[in-house]
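Participant: The residues making up each chain are set out below.
There are 2 protein chains.
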Amino acid sequence: MEIQVMKNILGENDRIAAENQAMFRDKGVYVLNLMGSPGAGKTSVLEKTMEHLKDKLSMAVIEGDLFTSKDAERIDKYGVPVIQINTAGGCHLDAAMVQKAAASLDLAALDLLIVENVGNLVCPAEFAVGEQEKAVVLSVTEGADKPLKYPLMFKEAAVALLNKVDLLPYCDFDMQGARDDITALHPGIEVIELSCTKGTGLDAWCEWLEERARR
Amino acid sequence: MEIQVMKNILGENDRIAAENQAMFRDKGVYVLNLMGSPGAGKTSVLEKTMEHLKDKLSMAVIEGDLFTSKDAERIDKYGVPVIQINTAGGCHLDAAMVQKAAASLDLAALDLLIVENVGNLVCPAEFAVGEQEKAVVLSVTEGADKPLKYPLMFKEAAVALLNKVDLLPYCDFDMQGARDDITALHPGIEVIELSCTKGTGLDAWCEWLEERARR
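Residue numbers (my numbering), protein chains in the order written: chain A, 4 to 218; chain B, 4 to 218.
Next comes chain A alone, as it looks inside the complex (with noise of 0.2 Å):
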């Protein structure tokens, strides 16, 4: 019962993705779905994506949080368009949030859409919500074990950002463990480390990203 139920979940998210994807692509704006643990550094990530790309690229940024608009504020500041959905409680984002909040946004003039989905290494894996391509943030303060314990989210990523490598020195932190462990997760996978406080691997970030932006 539960099973049946969780797949008819999935079909109709599948479905609605599906849609989203079309209009997205029709529209000409390429879509990522930016996941990671709660304090991975998805904001930050964005914050200096905006730095770097908002004068090459017209970006928005849709974001999910369960509760408050603290993260939709702190992307606000850059003058870039942004739409906050609360899920009030619901630990993913889904296909008909992402659906609605896109049409307060005027799509055909936008480049990049990020979509930072809720903080949660598990269930945001499961769910499109009509990305062209998915991306996972991992702190290194969150310790290199984690591709083998939560698989689906990097085996789903077309990119891995290895964040907060600024810590390194007082963590203890696998780093070609990690590497060799979601490489073999996922062959191809870009694996990309940053550190958003010092600006290391912004550059090659920023680059990944423009470079299907313009396709």
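Careful, some of the hints might be misleading.
Pairs of lysine to any residue residues, derived as SDA-like cross-links and limited to a Cα-Cα distance of at most 20 Å, are as follows [stated by the list, open to error]:
1) LYS73(A) x ASP183(B)
2) LYS158(B) x GLY93(A)
3) LYS30(B) x ASP109(B)
4) LYS10(A) x GLY93(B)
5) LYS10(A) x LYS10(B)
6) LYS73(B) x ASP184(A)
7) LYS158(B) x ASN89(A)
8) LYS59(B) x TRP211(B)
9) LYS51(A) x ASP184(A)
10) LYS10(A) x LEU13(B)
11) LYS51(B) x GLU196(B)
12) LYS73(A) x LEU188(B)
13) LYS10(A) x THR90(B)
14) LYS73(A) x PHE70(B)
15) LYS73(A) x LEU155(B)
Derived list of chain B stretches under chain A, where covered just means 3 residues or more per stretch with a C-beta under 8 Å from a C-beta of chain A [stated by the list, open to error]:
16) 21 to 34
17) 38 to 48
18) 117 to 125
Read the hints as simulated data drawn from the structure, not as lab findings.
As the structure is a prediction and not an experimental result, all values here were calculated from the model.
Backbone N, C-alpha and C define an ideal beta-carbon position, used for all residues, glycine too.
Fit chain B to the supplied structure of chain A, relying on the hints for placement.
Facilitator: Okay, now just chain B, sitting in the frame of chain A:
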């Protein structure tokens, strides 16, 4: 439809959780449900707790993970009985999983059973497993905005462990703000600042736990 099914699932879980709670009470074992984001440091807290308390109390651990037995292997080194539950992608432990795992333990011989939940700051808070109390581990590297963004976890927990305080000099974490938000969400909650690497706060935490396990 989805909401009705969710109510049924939660109702069934609550029924089994009540059975578990009665069984644990009957056997005289204090059960703590330990929750937090991926990489908050739940397993490290467990390791330090065992170092401090394993000669004073009869302990066991149930480990919840989506995949792998990495955490159970870390616990096993301390000579404490440990049962690994793999949820195979499931985002939380439920009462039925814990009931099945607990059947392998000699409960009557235990003072303390700690259930380490799946790394997730959202879903585990919704599913009682039969615990007497819940604890949440929040790493300061996750940011001080997390209590208001993930309020249910802090409303449910009897104690909040603010972990990795050794990294405070390298993080932008507003400790007073976090404490204020946590106590506003849950007046009377115990808040303990902890560092597993430096040993900070471990005496306070282990005293809190021992006092409960001896009741």
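Participant: Now look at each hint and say whether the structure bears it out.
Facilitator: A quick look at each hint next to the structure:
no.	hint	verdict
1	LYS73(A) x ASP183(B)	holds, 17 Å
2	LYS158(B) x GLY93(A)	holds, 16 Å
3	LYS30(B) x ASP109(B)	holds, 9 Å
4	LYS10(A) x GLY93(B)	holds, 14 Å
5	LYS10(A) x LYS10(B)	holds, 18 Å
6	LYS73(B) x ASP184(A)	holds, 14 Å
7	LYS158(B) x ASN89(A)	holds, 19 Å
8	LYS59(B) x TRP211(B)	holds, 14 Å
9	LYS51(A) x ASP184(A)	violated, 27 Å
10	LYS10(A) x LEU13(B)	holds, 18 Å
11	LYS51(B) x GLU196(B)	holds, 14 Å
12	LYS73(A) x LEU188(B)	holds, 17 Å
13	LYS10(A) x THR90(B)	holds, 17 Å
14	LYS73(A) x PHE70(B)	violated, 33 Å
15	LYS73(A) x LEU155(B)	holds, 17 Å
16	21 to 34	violated (count 0)
17	38 to 48	holds (count 3)
18	117 to 125	holds (count 5)
When held up to the earlier numbered hints, the structure conflicts with 9, 14, 16 and fits the remainder.
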